[in-house]
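Assemble the whole structure, with the sequences as input and the hints as a guide.
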Amino acid sequence: MLNIIIIIITFFLITIDYVDSQTELTLPTLPYAYNALEPVLSEYLMRLHHDKHFQMYTNKSNIILKKMFTDTQSDNKLKEIVKQPIEIILTQLEYLPHQYQLSLRYNGGGYFNHKLFFSMLKTPTSTVDENKPIGPLLEAIEKNFGSFDKFKQLFSSASYEFFGSGWIWLYIDAQTKRLILNFTVNQDNPIMYDKNHIILLCIDLWEHAYYPVYENRRNEYIENFWRIINWSFVNQLYIEGQIKRSDL
Amino acid sequence: MQTIIKLAPRTLIPALSRCSKHTLPDLPYDYNALEPVVSGEIMKLHHQKHHATYVNNLNIAEEKYNEAKGKNDLTTMIHLQPAIRFNGGGHLNHSIFWEILCPKQGGNQPTGTLAEQIKKDFGSFDKMMTQLSNASVGVQGSGWGWLGYNKQDQRLQIATCTNQDPLQATTGLVPIFGIDVWEHAYYLQYKNVRADYVKAIFDIANWKKSDELLQKAKQ
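In order, the protein sequence lines correspond to chains A and B. Position one of the first sequence corresponds to residue 1 (my numbering), numbered consecutively onward. Position one of the second sequence corresponds to residue 1001 (my numbering), numbered consecutively onward.
In short, the hints are calculated from the structure, not lab data. Be careful, since some hints might not be right.
[What the hints assert, rightly or not] Here are the simulated DSS-like cross-link-like pairs (lysine-lysine), alpha carbons at most 25 Å apart as the crow flies:
#: 1; chain 1: A; residue 1: K115; chain 2: B; residue 2: K1191
#: 2; chain 1: B; residue 1: K1199; chain 2: A; residue 2: K60
#: 3; chain 1: B; residue 1: K1199; chain 2: A; residue 2: K52
#: 4; chain 1: A; residue 1: K244; chain 2: A; residue 2: K143
#: 5; chain 1: A; residue 1: K52; chain 2: A; residue 2: K79
#: 6; chain 1: B; residue 1: K1119; chain 2: B; residue 2: K1209
#: 7; chain 1: A; residue 1: K60; chain 2: B; residue 2: K1191
#: 8; chain 1: A; residue 1: K52; chain 2: B; residue 2: K1191
#: 9; chain 1: B; residue 1: K1119; chain 2: B; residue 2: K1191
[Unchecked claim] Chain B stretches covered by chain A per the calculated footprint, using a threshold of three residues with CB under 8 Å from any CB of chain A:
#: 10; segment: 1043-1052
#: 11; segment: 1181-1195
This one's a predicted model, so the numbers in the text were calculated from it and none came from an experiment. Just so you know, even glycine gets a beta-carbon here, dropped at the ideal spot from N, CA and C.
Dropping the structure here:
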């Protein structure tokens, strides 16, 4: 009797080992309270942005990922892709069938972008000038842009001039190792273009990211954004990025 | 992905421009006239801030464009084209938008030429509404959903445009009815639920105006 039970349990466990499925995204909790970014970003805005927008990207991504995995037309290569973490899948969008590609680019991109964005924010400093990076990151910014102030001016200008929905990014370029300032539309991000770009900083320029507090005054949102950047976190991304790049 | 290029600056130039020919049109109704579908708060911001900014920036861009043209500075002319497209499109789109909306009336449906054309090209008003709604809700990011008239094929079509790309300049279709699905058009009231806004907007559609636009397009 005991032998039979052991056999059944073993068979069950072996079966579980081989029952795999697509990656399933979960909505990360914010690394701070909803009201932590007041008065720059209100609790009301943060609740909407996280619990509605970010949640929706999460849900829709999961629906698409499941569809891709269970679609009888999906080959093994595709099934392997959708088992990867989202940040890997987003670098392989060109392998996805047409009917899923656009949707996953949008929703998966939305998931990835918001996960990163919310992680790089913190309680605001009283003034903009108080909040700046130190160490190797600051040196890299100075080297690439002339000065931190010049970098801020370029980033702010690009953010203000950008038209429509999208993001502004600071990243380490995959090929040149230089720090690059660039934009993407909708929920695109730099890793969709080169998996080896190392993202350091971003700002969400969709209207939902600022409208409840700033209405149409995007310039005020951008000015205050400098108060809530978590430079420790960004510095960490930079250090990790340097390590990663030196291996290539 | 292009690297950042410096877009045409939006710095305000002292008001010495000779040809500020674009002006912000008045709304054909009070700011709160479209309640409860679109709040007075949204209408005020939408008109006095967003549309006004498109008008101002269009005038600035055109002034610079004319200056550059006068000097045969093709580089600057081309550099300014995105700003003219964004702001000119914004001005065109919103000018049409205010006209094709009106205070809520009961049992709101198209009549006349428009009703016939919709029936012919979609089967029914409901089918057209469903297609336009789906297209509008489905716009990724910022843009517009449109019911447009194809003059060559002599039929109505649903189309969407990105950002402020104006329908006619971009697709050739004549705008008959449209829905602004930029977040600023609905966020303060509907938050992230664009579908509710799109559903509700049919209650304030000025089908009489759309009928006029169609008749004009068919001439």
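Hint-by-hint comparison with the structure:
no.: 1; hint: A:K115 to B:K1191; result: holds, 20 Å
no.: 2; hint: B:K1199 to A:K60; result: holds, 21 Å
no.: 3; hint: B:K1199 to A:K52; result: holds, 19 Å
no.: 4; hint: A:K244 to A:K143; result: holds, 20 Å
no.: 5; hint: A:K52 to A:K79; result: violated, 29 Å
no.: 6; hint: B:K1119 to B:K1209; result: holds, 18 Å
no.: 7; hint: A:K60 to B:K1191; result: holds, 18 Å
no.: 8; hint: A:K52 to B:K1191; result: holds, 9 Å
no.: 9; hint: B:K1119 to B:K1191; result: violated, 33 Å
no.: 10; hint: 1043-1052; result: holds (count 3)
no.: 11; hint: 1181-1195; result: holds (count 7)
Going through the hint list in order, the structure does not satisfy hints 5 and 9.
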